[in-house]
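Visitor: Sequence:
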Amino acid sequence: MTPACVTVAAAIINAMDVNVDPCTDFYEYSCGGWIKYNPLPDGKSIWGAFGKLWQENQLVMKNVLGQYYWCILICVNFFSFTFVFVDNGTKNKPPNR
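Taking UniProt numbering, I'd label the letters of the sequence shown as residues 1 to 97.
Keep in mind the hints are simulated off the structure, nothing from the lab. Note that the structure is a prediction, hence the values are computed from the model and not measured. Some hints could be false.
[Stated by the list, open to error] In silico BS3-like pairs for lysine-lysine, Cα to Cα no more than 30 angstroms straight-line:
(1) K36 to K52
(2) K62 to K36
(3) K62 to K44
(4) K62 to K52
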């Protein structure tokens, strides 16, 4: 088995609640572990794997972009100025034919 296969298999097994009889409550059997270890966050009416992934990505992006705040701000200002300058320089000119 590849490392990726082992990782995915472990994630599937951890998401299960093997203490529940699958014939009685298959949803709880198949998803009970995930629900147990990923409670509904405050202010959320729904919560799933994609919501959790989105939240984790937001934190990563915030940390990465926070380190380069001034560089990003300078670039945004430069390109905003450049686009305004180019736009003002081409207004009211006939198209090239």
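Visitor: Starting from the hint list further up, note which numbers the structure goes against and sort them upward.
Guide: none
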